[in-house]
Amino acid sequence: MNFQISVNGKDYSVNCEEKTPLLWVLRNYLNLIGTRFGCGSGLCGACTVLLNGVPIHSCDTPIWSVGDKEIETVESEENPTLNKLKSCVADLQAAQCGFCISGLLMRATSLIENDQKLDRDSIAHGLDGHLCRCGAHNRIIDAVAQAGQQ
Amino acid sequence: MTTPESLIKSPKVSDWLDFSIQGVVGIKTGKVEFGQGIRTALTQIVSEELRVDLGACQILITETEVSPDESFTAGSLSIQDSGLALRLASATAYRVAKDSDYWQVQLTSGWNIDVEIEVWTKNSSDYTIVGHDINNLELASKLAGQATFIQDQRFDGLLFARVLRPPVRGAELISMPSESSSPSVIKIIRNGSFAAVIACDEYSAIDAVEKLSEAAKWSIPANAFNTDDVNTFLNKSARDSQIVHEAGAFNDNAIQMRATYSRPFISHASIGTVTAIAQWDDSKLKIWSQSQGIYPLRSDIARALKIDEAEISISHIEGAGCYGHNGADDVAFDAVLVAREVPGRPVLVTWSRDDELSWAPFGPAMQAELGAQLDDTGAIIQWSHLVRGNGHSTRPFTLPTPSLLAYSHIADGQAIPAAGDPPMPRGGGTGRNSIPLYDFKNAKVVTERLLEMPIRTSAMRALGAHLNVFAIESFLDELAFTSGQDPVEFRLRHLSDSRGRDVIEKVAQISRWGQKLKDGAGQGIGFARYKNKGAWCAVVAQVEAEESLKVTHLWIAVDVGLVINPNGVKNQIEGGALQSMSWTTKEEVHIKEGKVVTNNWEDYPIVKFSDVPIITTEIISRPKMPTLGAGEASIGPTGAAIANALHAAIGVRVKQMPLTYKNIVAGME
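These protein sequence lines map, in sequence, to chains A and B.
The first sequence begins at 10 in this note's numbering and counts up one residue at a time.
The second sequence begins at 1389 in this note's numbering and counts up one residue at a time.
You may find that some hints are simply not true.
As a list, the in silico EDC-like pairs of lysine to aspartate or glutamate whose alpha-carbon atoms are at most 20 Å apart [said to hold, decoys possible]:
| no. | chain 1 | residue 1 | chain 2 | residue 2 |
| --- | --- | --- | --- | --- |
| 1 | B | K1575 | A | E26 |
| 2 | B | K2043 | B | E2057 |
| 3 | B | K1996 | B | E1934 |
| 4 | A | K93 | B | E1526 |
| 5 | A | K28 | B | E1598 |
| 6 | B | K1996 | A | D137 |
| 7 | B | K1674 | B | E1934 |
| 8 | B | K1996 | A | D130 |
| 9 | B | K1938 | A | D130 |
| 10 | B | K1397 | B | D1544 |
Derived list of chain A stretches under chain B, where covered just means 3 residues or more per stretch with a C-beta under 8 Å from a C-beta of chain B [said to hold, decoys possible]:
| no. | region |
| --- | --- |
| 11 | 38-49 |
| 12 | 90-100 |
Quick partial rundown of chain A residues pointing at chain B, CB under 10 Å, derived from the structure [claimed, not checked]:
| no. | residue |
| --- | --- |
| 13 | W33 |
| 14 | E84 |
| 15 | S111 |
| 16 | L114 |
| 17 | G135 |
| 18 | D137 |
| 19 | G144 |
FYI, nobody ran anything at the bench for these hints, they're computed from the structure.
All values derive from a computational prediction rather than experimental measurement.
Ideal Cβ placement from N, Cα and C applies to all residues, glycine included.
Work the whole structure out from these sequences, hints included.
Structure (structure tokens):
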């Protein structure tokens, strides 16, 4: 089937099975490989993207359900919150292998934009659906707090 | 100085440095990146010694054709081995090019000259790049979402494959469909009990292998392994016993106190699943792999396929964080088998999450029995330590037959032999950190490596040091407590090693050891020198325990000698501490009748953001001392510190990891 989707402000036409998860549309059809596969069942957060600003797991979101909603991924260059976050993560060296960071950046963008009271605790709980195995957690929390204050 | 190990096989400056592009220094290393920041640290060393800007130094991809063979990237040895070789190669180049420049020498005489072992190297007090916080060279591209990982490569004509795994260990494939109705599926392949689907895109391969799995028929073996029986297994299996340490007049009959500590099988549980790409052209085989050892991997693949290893070339491309011998080598062999069926096309194979948590080698389940006698003054005068478990290495090309997973499934393959252990002079496996660094006059240490291996085990960060340090440091705590001595003082009175004393004293100071804490809170300490010859590390944990255990703060003092990149060391030390905390408090692989049931993140939980304590790390800088690796030093001390803090908080000594509610309750009885 043919689908028209909008990613990072750009329109794409994709021909694939309707049950194909958004993750694989991004990675295989659009060559947007910054969104990563971690588990395929929405339990690790690595594949998180924004759908109309709301964080979702692209690994269990079929392409048919996306419709005309705007998709935003880590490759986006126009989102000021995301850009701020990226520079705070770089400043604090808040990643080790960096495999989990794409999903975390998207989640944190939404945390900041929703203007939650961003102390250490609320950030940590806000990121709880994301796993990191290298142990960069504290620096990631600090980077989100720093970006939130800017 | 004796010739450093890395320089024995690769003695020339040109083995390490490439000046073929004017103004650019190409750095060659056999050590590979998997999130530990090694490429950044090695670049700092070369830039410093050559007096060439960091920006002009480019670390090259590790490839079997061009890179020095430095075997595995393991054991916290990259900076010690590759770093030393690169420093000496750079210092030699600096001396030789003094009246010219590096690129001029390249054009006139070339760099095929011996690295000088006794060459004058820069004084550490003159360093401007080494010892400073240099940002990770690869992070920026990762934050931009660029194709930095092996999973992200999109070669021309790339196909995707997924492998069908047996439902339980030892199952044999009887039958399965040989065709798929999906137009995206190129081929279904089968070789004995190894099967895979090749498709044009990744999702079609995933979808097709799920259908294949539903239709496949297997013969299921009887009497498969259960982790519920692990203690029986540990005590009944045939074993290779070795006395690895005997001191003074050890007398087992004098032992007054004994305690047994254990840990379960644990999983690598990387966030990304292992991936590889392979391509066959005529008889030539090209592989792109995230392996920790591309040279030994090449040798094992050559031996498994009975082909000449000169026909195989392997390039390293980084995968997700890797903490030991995971499935990286296995998936490379999967890709080789699959790509053989579509000559001329590159094929990318990624494991599923289930594959990753079920089929990668595990960190072995272990048991340690400790014993001690104190004299009238409360000093330890007899010490015994016996540790048992499966070996810690099934790494490629270290065993009599190939140890690649699919080799145990294909028609003419063989079962993977039981895991071995690195010898004790190289740090050991089961016995790693089992020999006490403390001054125990009369002591005996025995290792028992099991010769049956129902579940494949191999190297995982710190190997046996996780349990051995947990056991030694828990037992010391218990001895201190029962004899009415302060745990920090008790350690110091038995420790003459001055750098060890320094980290213990430092961590006691920064944690305000001995301070009064609220009810239900406690502090505990753990200490080790990794492998008894690596970095010194002491950790104080503070925990609160009511309904469950919560680690609230970790203080860490570490001595890695000359620090190359302080920020990088902190990342490694704190990352190691959190991983150890995760293993120690949460992780346990469950296997029922040969099937790993902890095959997803709900059943195999690891630390979450909200579990993470505040961490305060202090590096004791020793610019005149050789650099020691930082990746594994905090693993043992952190686990022990948490268990000791739990005891300080609620008076319960939990000797069986993980420190879950169930095991804490069991510890009360």
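Hint-by-hint comparison with the structure:
1. B:K1575 to A:E26: Roughly 19 Å separates the two Cα atoms, so the pair holds.
2. B:K2043 to B:E2057: holds, 12 Å
3. B:K1996 to B:E1934: Distance ~19 Å between K1996 of chain B and E1934 of chain B Cα, so the pair holds.
4. A:K93 to B:E1526: The hint holds at about 19 Å.
5. A:K28 to B:E1598: holds, 14 Å
6. B:K1996 to A:D137: holds, 6 Å
7. B:K1674 to B:E1934: Violated, at about 56 Å.
8. B:K1996 to A:D130: holds, 12 Å
9. B:K1938 to A:D130: holds, 14 Å
10. B:K1397 to B:D1544: violated, 35 Å
11. 38-49: holds (count 11)
12. 90-100: This one holds; 3 residues, not fewer than the three required, reach chain B with a Cβ under 8 Å.
13. W33: Constraint on W33 of chain A satisfied, holds at 4 Å.
14. E84: Hint on E84 of chain A: holds, closest Cβ of chain B at ~4 Å, below 10 Å.
15. S111: holds, 6 Å
16. L114: Because about 7 Å separates L114 of chain A from the closest Cβ in chain B, which is inside the 10 Å limit, the hint holds.
17. G135: holds, 8 Å
18. D137: holds, 5 Å
19. G144: Holds. Min distance 3 Å.
Comparing the model with each numbered hint stated earlier shows that hints 7 and 10 do not hold.
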